[in-house]
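A.B. asks: Here is how the chains run, residue by residue.
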Amino acid sequence: MIPAAFEYVAPASVEEALAALAEHGDDAKIIAGGQSLLPVLRMRLNAPEWVIDLGRIASLRGVRDGGDHLAIGAMTTHHDVGQDPLVHEHALLISKAITHLADAQVRHRGTFGGALAHADPAGDLGAPALALDATFVVQGPGGTREVPAADFFVDLFETAISDDEILTEVRVPKYDGWGAAYEKFVRIAHQWPIVAVAATVRMEGDTIAEARIGLTNMGSTPVRARAAEAALVGVPATEEGIAGAAALAADGTNPPSDLNGDADYRRHLATVLTRRAVLTAAGRG
Amino acid sequence: MTATQEPTRGEIGRDRRRKEDQRLITGRTRWTDNITLPGMLHLAMVRSPFPHARITSIDTEAAKAAPNVVAVFTGADLGEGQGACINAWPVVPDQVTPAHLPMPTDRVAFAGETVAVVVARSAAEARDAAELVEVDYDELPAALDLKESADNKVLAHPDLGTNVSAVWRFDSAEAGTGGDVEQAIAEARENGIVIEREYRQQRLIPAFMEPRSTVVDPTGEQITVWSATQVPHILRFAIAATTGVPESKIRVIAPDVGGGFGGKLQQTPEEMITFAVARKLGKPVKFTETRSESLLTAHHGRDQWQRLTLAATKDGHVTGLKVDLLADLGAYVAIVGGGVPVLGAFMFNAIYKFPAYQFQTTNVLTNKTWTDAYRGAGRPEATFAIERLMDELAHELGKDPLKVREMNWIKHEEFPFTTVAGLEYDSGNYEAATARAKEMFGYDALRAEQAERRARGDRVQLGIGVSTFTEMCGLAPSRVLGSLNYGAGGWEHAEVRMLATGKVEVVTGASAHGQGHETAFSQIVADRLGVPFEDVEVLHGDTQISHKGLDTYGSRSLVVGGEALVRAVDKVIEKARPVAAHLLEASADDLEFADGRFTVRGTDSGVAITEVATAVFAAHNLPDGVEASIDSEATYDPVNFNYPHGTHLCAVEIDTETGQVRMRKYACCDDIGNVINPLIVSGQVHGGLVQGIAQALWEEAVYDDNGTLVTGSFVDYLLPTAADTISFELDHTTSPATTNSLGTKGVGEAGTIASTPAVVNAVVDALRPYGVHDVAMPCTPERVWRAINSGGPGGETTQAAAPHFDESEGAAQ
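Heads up: the sequence lines are chains S and V, in that order.
No gaps in the numbering here: position 223 of the first sequence is 221 in our numbering, and each next residue is one more.
No gaps in the numbering here: position 623 of the second sequence is 664 in our numbering, and each next residue is one more.
Careful: at least some of the hints might be erroneous.
Reference listing, derived: stretches of chain S covered by chain V, where coverage requires no fewer than 3 residues with Cβ under 8 Å from a Cβ of chain V [unchecked claim]:
| id | segment |
| --- | --- |
| 1 | 130 to 143 |
| 2 | 255 to 262 |
Here are a few chain V residues that sit away from chain S, every Cβ distance over 12 Å (derived from the structure) [to be verified]:
| id | residue |
| --- | --- |
| 3 | Gln63 |
| 4 | Ala112 |
| 5 | Arg148 |
| 6 | Glu180 |
| 7 | Val195 |
| 8 | Glu330 |
| 9 | Gln401 |
| 10 | Gly528 |
| 11 | Asp672 |
| 12 | Ser673 |
| 13 | Thr676 |
| 14 | Gln701 |
| 15 | Leu760 |
| 16 | Tyr811 |
Just so you know, the hints here were simulated from the structure itself, not pulled from any lab data.
Just so you know, even glycine gets a beta-carbon here, dropped at the ideal spot from N, CA and C.
Just chain V, same shape as in the assembly (with noise of 0.2 Å):
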């Protein structure tokens, strides 16, 4: 029992293989829908297919006829008993907020919606008998265009009153933290420049590979909800919130989870829905929803109108900026829902020195698919922005984009920096990155290359296109979360368990759901602790082993996560100290801690911590009245936001007879200060950039005129492979973050937030020549096309699919 292990030396800051990734992509794991259970139930969703309609009647006769099917429950069946979706933010005191029923009762507010429900001994039956319920409805005029919706022409909810759910505000000079922009923007209308521009942010789809499942099983003392989700806590606070069944009633696991973006992170109906029916039948239910399902009614992402005003001297140091945002909420306010771009109130900033600035956001709600968080959540959206104005600003000068940067941005001596939105940035060298970015992508060559080929006007042109970014990650100080009325708050939970055996078992109440969290935390715990690397367990996401917790989101995990980490093993380090003096018949004073042994000063006396904690297991011979516990927990609230930053460098080459856009050569140097495992921040910024990139080039949740989503299959919904990428060239500066013992800053978003504007910015730079000044989200080859020859921004996109899949006819063979 005394046999120690040599420890791992340097765990921190290893390329680790994950130790998750055998069994996640073997698939021999469980995921929900793998979860059988002995008398098990299957439920299928009667969905509307308008946007906007009255119920007037439900006939289930023919469905409960049907093989095996057990019950059909419409809303007005479950009634109260179903509970509520929540939303966690009411952005402003008098948040115009619809009742969010999972099943509502009378009226429908987007296709896709559920109706009814039907119970079935399997899948296929449920499935089968679901087109058997009958459903009459009285269409509604629907509130669809974001513009339209936004003047009230429609009402989304007519008993409401009113589309507009929220207007957020956010002034420097009310603030106290810069001047008043109108005065800044009069100022350089008269002698300097201001740019104005709108943008739109297109409505996109999360399109996490594993379809959200919920099994549900009412038959023990606890009532056990299996859910791909990432919020495991979150979601049993807001059933026991909405049932009235106690918290202490529910346990909620997030098994293995595939992918989420933000995407699940929701309350959704459909977990309500079969929580409600597994309570009403007594039995264990299950839902898995289908790709369609799950492309229909999983929430949206992104989907505003952005205008923006900039205000900068004729030498080009911005003076003022002033944005004002339309937000389109969809159906409902979801549980960030409004929250969503108050997030990126605090970003349009970014990482100048602005002196002036101005924010507002119009929160509105459409009969659409409701928005909540996606991957950046606003801070994408705000990046986006100000990144395509400085370059139009460098356009406007003459100036090259970088140089124009570089007059606005904070100084790397200037750190910490207090900026014209409130926040405190912590530290960065935003000039050590760009040096770094620019020396990768061989900025000077390919600016000739694009010099030489735009001279010899040829059919292939160069575009190269620039951004910067930081973000505020790392969600949240929970006094900042309370200033803004959020409903809880932002720290993290975690203990770490000494077993009697030397493994150690970490439990986190972060949950991750593709990120790798049991790999950085096991090499956290194991240079902390001095343990070997495979000998630390992480344990998350069920509620009854995780007991307190706020989940994964907001690039949080590792920098408020990982600090509670860290606090808990220092505890375990000081609860053992006592216990190694007794040991070693010295004075705890006297005794050094490395490498996982306590050593008195001075001597080669010592004993691990592990051989501590078998001590204690046995507890023979412990010191009196020390508790035979090394154990030990931490709750550690954040003090500030964490803030990484990045300087992202994109060349495309566009054939200007078919728009058709490729990228050349993306670069980019990331600073997210000390890094944990360089391979799965690799991973992260790989598949950051691609996320991002296809919001520029491919991605956009397309609705016709009436309501119904045409990109409801990745038959239209264009997600990229491997296939239409190239391979990044990363690099890192480390500027630490001063906030967390780590030193690390978040990386989980800072790829798709930095992507998006470079590659636009670049798609814009190749058309210059041509009069462009804008190409629209996503740059399809035809919008370039057309901004080639028109010089406008591209134009609409038809609203309508091909068929490639027949109905009716033919599709024999």
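Just chain S, same shape as in the assembly (with noise of 0.2 Å):
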């Protein structure tokens, strides 16, 4: 488990780190908080050149108050955000859902932007940026721009960060007072996820309002359940009420067939953790 040998590179700015991949192009790789990277390294599965580290780049790190919106730097640990107050208030999906990322020792290393950027469609963070419709800001030569939650997954390991672009932060717009639920579902518990269900609901006294659901490892990306959501709309929040919306939830996925389950039993589960997601969201679990 010794990797090939690499340089390494650890700037001190968004602007150096810029400098060092356009230098270093295809050669490079950039580590986060290294839990994928590192181990396909240590395997050999890829060799890169050069490492370039943005560990040590302050400015990515930390939540700050956006006005409408948090904006996550995308260097800070999955346990900073887990534990961060104004992602519990204003975007409690994220919170539900980082309480089943990986472990406490991945939590503490790993990163949310690193994490993304992977986009490995059984991540964890994927469903829940999608159904929040979070905004991702990408640094490149050129100056940042912003992709859409809807555009950035395009497919398995691929986002629509270019080469020579850098993810810095990830914008969620606020859902103050809306309900949250991540439904995962393991055989072992720090397995990466067979099915996670993602979803976020508003209440209006027993009713949906409006929910919002990410379905993780359902397909080469992360993927909305829209149908089951638009079916949601205006149902009682019992059992009985979901049910039949959460049979949609599984419409137009394509998921994989691996050693923990085929596609017929993915989009099976799909549907049974959807019911489940939706009802712990609306506070009726």
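Fit chain to chain and form the complex, with the hints in mind.
C.D. replies: Here is the structure:
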């Protein structure tokens, strides 16, 4: 488990990091918390000549209140995001998802932006980010641009970030008062989810007024369960009321088949977990 | 020099914390990979990606030219000097055993087999250069599926002409230990019950914590081998026997070893290659495997198909059992190899009085990683089969599964009991252990809850699983091993050295790799010799210190090694007696020995054995003709196996919507005879339970159709952690063994043997209302869900892993 030799640079600013990236191009990999890249290097699945470490760029860390949104620095650790009171207040779904993310060691090293940029469809943050319509701030040689979540996830391990760009911040609109739940289905505790459902709902009395649902590991990218979301509007937050809408959760998905389950089983799980997640998010679980 | 310490009383049975734990847990100790010698070189292996292929050429030039590379060797380069990996147990005289060179010269027989070794000044440079070795292969068809391989559809070793290594059979009618099983089955078909089932023992990976590592230093008079092994003595023998290096010129040291579970009961190709390279270069070398290499190439376990026929009367008395196994040996016959299913042969009849029994195993070669002993070795497979069948019989009869077991088991007053497999069980009390387990479990209340959940169609169904077990452990009486064609004996050796300062050194031939021998053996010696626990030092695992031994496996260390130790201690006392008598100016016949002191009967005159040791050291005043040593050794060959037993009860909750299985309660009552250290026993049982539960629910080594191990990392080979288990409720009944002085029975494998069928029986029990009578292991949520929806056992797993670590693209940040 010894990586191939590589050169290492730890720039102090985003500009320096971009310069290093421009200089080394295809020969470079960016490392954030390293929780995905280090295993890749150690198993020699990849052998970049340069590793550019964002760990010393202080400006990429922290959560701040951006008025109508929260701005989460890309290098903020999962632990710090999960513990942040602003996140708990305005984007409860993210707090909920992080409690299930990997294990304590990984949460203390892994970063919010790193995990999203890695774009593993089984990662726990893609579905919440998509469900919440987060905006991804990406900086490159020509300045910064904003990418909506719907456009950010392109394919398996592929995002809208160009080779010469760095993800610097994730902006999450505020969902004050929305209930949230992350239902993660695993065989053992430290496993990636076989399927997970991120659900957040706004209630009006006993009725669901709005629902947003993201699905983890139900395709090559995180996906929205839009049919289910639409069907949930105006239904009573009871198991019977939700069941019909939840049954639509897997519509249009193309989940993988692997050791942990075939696609049909995953579709079935998505409907069950959606029903449970929505019920919990509605405070009735 | 005459000061005596108050001896500690009653060490045996005391919850001593393990004296070895501080160094093991903090890591401030010597593991093999910690060892760094002057001028030491490092190895990296080049391994075959194909399960079966001809090696057409190996180009090592680029690797040899890489920075700080000292040499690159292929199998042809090392030639005969590399020795061979031996099979110690040819189970039949005409066993088909492929030659096993540590590094083959012309053909690879499994994916992961070593084809070249790179030697460099650092481990990183060796690993870098290994990628530069160019190997050309001609792929050959691979024998992968066990059943197809048994039919010789594709040959794992074409030159052998068959994949069937051996067919080993036991028949109670032929052996004179019971009746004719075919007749019993025929009668049951006419007028009774016949249960026919086929069960799969999936392939498992021992997954010990410390990867294997070997350091070989050829620079002294002896060649010193440090290795993360369970079997330093056996390794020394095997190296000497196959390389021509005199045994006396080889010193093998197993320093602290981080777990084995049978997985380090092997003479590995990597050890042999490291030895060969060190000799060739005349320099110390080290090889430490990566976790991926460990999962891929360290031997695997289990992997059987079991075809079973149980005959019974209409009221549930079993009249016969017929067992027909297919056992996957993998690419080579490992050191125990085909003996693993044979170890199970005597255990399918378990705790029961079956009148007729037949067992046959067909041992099959395939192009997969070789298999060998894994915690329980043969006995978990047997226990699983019979305990699943007893539940099936109970279901057929509509009776409580514990009731059906009770109808068939050996009653406590019937011990000693000779079984239909020909073993004599010395002691046990199945009634008592079962009664206690039921009480701890709350059996009746859980049955009531189960009925209630069923009645209201609850989404979460409750299942209750029963497993009783016994095992033959304490390997093993040498004569029995000889009659089974095993290549060695089963004795164990111990030595007790009385030091001048009153301390005691104990040398054992058992080789601890996590069991706690240092603590338990210290307790035994402290009690028997009457010295403080802290004053006993246990030495092991170095053939120059422990010159004689047969190492640790098969729950043998205490029941065989402990008995050797007891006998060595008793010899010390007897050797000390005439010296004590001389010092006390009394007759030896008038001396009593208790609590570490010889006293003259009827007086307060006495001398401590540690004082005798000091006097013997000085040798100023010894009786005439007495040698100046009371040190003693003993070699003990057991007269019988050792038969712990227990009753395990498991409750699971099954989410019928998702198929998820959650442990609700687990209670077990084991009878392991007298207990030396209850804390160590609890640790063994807890760990054993988790390992057995893991076979039932989580672990499986999966190969794809190309012969690639899909579960090649802990991402896909699912090892549970504490987060996945519950607190177990443990207790013991005590039927002391009658075949050793301490009355102890083995416990190292007990939990693993009993828990697997308890869990699967619980899963099946929960699903009976859905028409389910089997769920394949591991009982994954998907399989359970499919079973609920189809009534079948849950089907095949897709042989593909999720890609979590991206190979080329993305993986940024």
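A.B. asks: Taking the hints in turn, state whether each one holds.
C.D. replies: Do the hints match the structure? See the list:
With 0 residues bearing a CB less than 8 Å from a CB of chain V, the segment 130 to 143 of chain S misses the requirement of three and the coverage assertion fails. Counting residues of the segment 255 to 262 of chain S whose beta carbon lies closer than 8 Å to any beta carbon of chain V gives 6, which reaches the threshold of three, so the coverage claim holds. Look at Gln63(V): its CB is around 24 Å from the nearest CB on chain S, clear of 12 Å, so calling it non-interface holds up. For Ala112(V), the shortest C-beta to C-beta distance to chain S comes to about 19 Å, beyond the 12 Å cut-off, and the non-interface label holds.
Residue-level check passed: Arg148(V) sits 26 Å from the nearest beta carbon of chain S, beyond 12 Å. Every Cβ of chain S is farther than 12 Å from the Cβ of Glu180(V); the closest lies at roughly 23 Å, confirming the non-interface assignment. Every Cβ of chain S is farther than 12 Å from the Cβ of Val195(V); the closest lies at roughly 25 Å, confirming the non-interface assignment. At roughly 10 Å, the least C-beta separation between Glu330(V) and chain S is not larger than 12 Å, which violates its mark as non-interface.
At roughly 33 Å from the closest C-beta of chain S, the C-beta of Gln401(V) stays outside 12 Å, upholding its exclusion from the interface. Annotated as non-interface, Gly528(V) keeps its C-beta farther than 12 Å from every C-beta of chain S; the closest such distance is 36 Å. Listed as outside the interface, Asp672(V) is consistent with that label: its C-beta sits roughly 46 Å from the nearest C-beta of chain S, beyond the 12 Å cut-off. In this structure Ser673(V) is separated from chain S by more than 12 Å, as the shortest Cβ-Cβ distance comes to about 47 Å.
Once the 12 Å rule is applied to beta carbons, Thr676(V) is consistent with being away from chain S; the minimum gap is 43 Å. Distance to chain S contradicts Gln701(V) as a non-interface residue, since its nearest Cβ pair spans about 7 Å, not more than 12 Å. Listed as a non-interface residue, Leu760(V) fails to keep its Cβ farther than 12 Å from every Cβ of chain S; the least gap is roughly 8 Å. Every CB of chain S is more than 12 Å from the CB of Tyr811(V) (nearest about 16 Å), matching its label as outside the interface.
Comparing the model with each numbered hint stated earlier shows that hints 1, 8, 14 and 15 do not hold.
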